[in-house]
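Colleague: Using the sequences and the hints given, assemble the complete structure.
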Amino acid sequence: MERRLKLQKEAEPEWARRISEHPGCEGVFSCLQCGACSGTCPLSIYMDFGPRRIIGLVREGFRTTALSSETIWLCASCYSCAVHCPRKIHVTDIMYTLKREAIEAKLYPRRLPIPVLAQEFYRAVRSRGKNPELWVVLRMALKSHPLILLSMIHTGWALLRTGRLSLHSEHSDGIAEIKRYLDLREVA
Amino acid sequence: MAPYCYFPGCSLRGTGIAYEESLLEVFRLLHLPIEELRDWNCCGATSYMSIDEGSACVLSARNLALAHKGHYRDIVAPCSACYLVLRKTQDYVERYPRIGRRVEESLGPGRLRVLNEVRVRHPLEVLYTDVGLAKIKAHAVRQWPGGKVACYYGCQMVRPYADGDPDHNPVRMDELMHAAGVPTVDFPLKTRCCGGTLTGTMPPVGLRLNEILLAEAHHRGADAMVTVCPLCQYNLDAYQADLRRRSKTFSEMPVFFFTQILGWALGSDPARLGLKRAISGRKQIAQWFPKQRAEVAAHV
Chain A
2 MERRLKLQKE AEPEWARRIS EHPGCEGVFS CLQCGACSGT CPLSIYMDFG
52 PRRIIGLVRE GFRTTALSSE TIWLCASCYS CAVHCPRKIH VTDIMYTLKR
102 EAIEAKLYPR RLPIPVLAQE FYRAVRSRGK NPELWVVLRM ALKSHPLILL
152 SMIHTGWALL RTGRLSLHSE HSDGIAEIKR YLDLREVA
Chain B
816 MAPYCYFPGC SLRGTGIAYE ESLLEVFRLL HLPIEELRDW NCCGATSYMS
866 IDEGSACVLS ARNLALAHKG HYRDIVAPCS ACYLVLRKTQ DYVERYPRIG
916 RRVEESLGPG RLRVLNEVRV RHPLEVLYTD VGLAKIKAHA VRQWPGGKVA
966 CYYGCQMVRP YADGDPDHNP VRMDELMHAA GVPTVDFPLK TRCCGGTLTG
1016 TMPPVGLRLN EILLAEAHHR GADAMVTVCP LCQYNLDAYQ ADLRRRSKTF
1066 SEMPVFFFTQ ILGWALGSDP ARLGLKRAIS GRKQIAQWFP KQRAEVAAHV
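Note that the protein sequences, when read in sequence, are chains A and B. Using my numbering, you'd call the opening residue of the first sequence number 2 and step up by one each time. Using my numbering, you'd call the opening residue of the second sequence number 816 and step up by one each time.
Hint data in this document are derived by calculation from the structure and do not stem from the laboratory. Glycine residues also receive a C-beta, built at the ideal position from the N, C-alpha and C atoms. Among the hints, erroneous ones may be present.
[As the list claims (entries may be wrong)] Cross-link-like lysine to aspartate or glutamate pairs, in silico, EDC-like; alpha carbons within 16 Å at most: (1) A/LYS144 - B/ASP854; (2) B/LYS884 - B/GLU851; (3) A/LYS180 - B/GLU851.
[What the hints assert, rightly or not] Per label pair, the in silico range of CB-to-CB distance: (4) B/LYS884 - A/SER69: 43 to 49 Å; (5) B/PRO818 - A/LEU148: 27 to 33 Å; (6) B/ASP1001 - A/HIS169: 51 to 57 Å; (7) B/MET816 - A/ASP184: 37 to 43 Å; (8) A/LYS180 - B/PRO818: 44 to 50 Å.
Modeller: As structure tokens, then:
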């Protein structure tokens, strides 16, 4: 792995402080860097940094490095780190906060389908109030790697023949109210 | 007895439909009244939380408020993601004023406090606590034909909002299985993550996580796996053909919902348990439940 020289001068400590004010992120500065989180994480071996180093990057204020990492998107939120942390840091919630910041700053890695799925899911729920599984997966594939669809044919067929693929997309009956509730964000 | 409020969530209407079928059947057999929440909406799961936390809590708060309005005491969420997000919303509106304000803006003034008056329950915990092992044992009329099972709890039902069951070593599903006369194997990976949506977004990573779970269960002598979450069941069930293609030593096994097994033990008509919806281990299923054979064949 190539390592680039990182200058402390480029760090944004003010950003780190702002992150620590988000729900669940209050513990970020009390991290011991013990590595219990990365040790228990079933996905850390596939990550570019792993949870321990992400927390290190965040509290030093290396915003761009943390937000453009793949690590935050590989987190499947199993909360193993959060319950193992000796300082009771909600590592999973820190990952969520970084995902939101990465989307807002458009820093998420473009080649990863995971942030695409999150955004498609978000859009579908906002417009229907429910998650049409098939629709969300199709849009995720078309917008990231359309070739993924080829590998999905087999599973799709298996789901179809066992009656597990809902082809019509259901709307929540309360969709008007849901839209009103969610749109308050733009006003606030 | 006040009826339980059923919150299906999106998966129990699609990939996890067998969970809904078997869950409602088990509640019927045990005479537990249960009604579906009217006008419910998606819980937001992990994805919505990754984009907008405040609105994610609004989505769940709306479901909780609807349950309260319907005079329900317990809202039963079978999907682990729904269960977690509902619990998290109750926790967050109390702990973080910023989230509380955002939710109150939508629900209306003074509506915040009702959210914590409804209890969020997982059906595993309802059957364990409200029904109890003794009653399950007394009602178990049929012998399990399927050999030993590995109980897989997954992550979001036990962490971080575990209800009395230890977050890395829960035992309640094992105890329910024993009460129903179903033998289990020791399965230490019981709360190791199945990868969630990674099977779809990053197949090499997601499939590997499931291969680890299935191989471990097999080597510990399990003939089937049992789950409590639609996403875990889907991940473990739907990709076994891919795993078999990759590894010659991989052996296929059925992956059940715990309610399918309980339903069988309680004497349900097998056709009402959604057994025909299995993707993997269909041969074993046809063998174990011969009456189902014709039906299984019709779906191949």
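Colleague: Tell me the hint numbers this structure goes against, listed in increasing order.
Modeller: Numbers 1, 3, 5, 6 and 8, in rising order.
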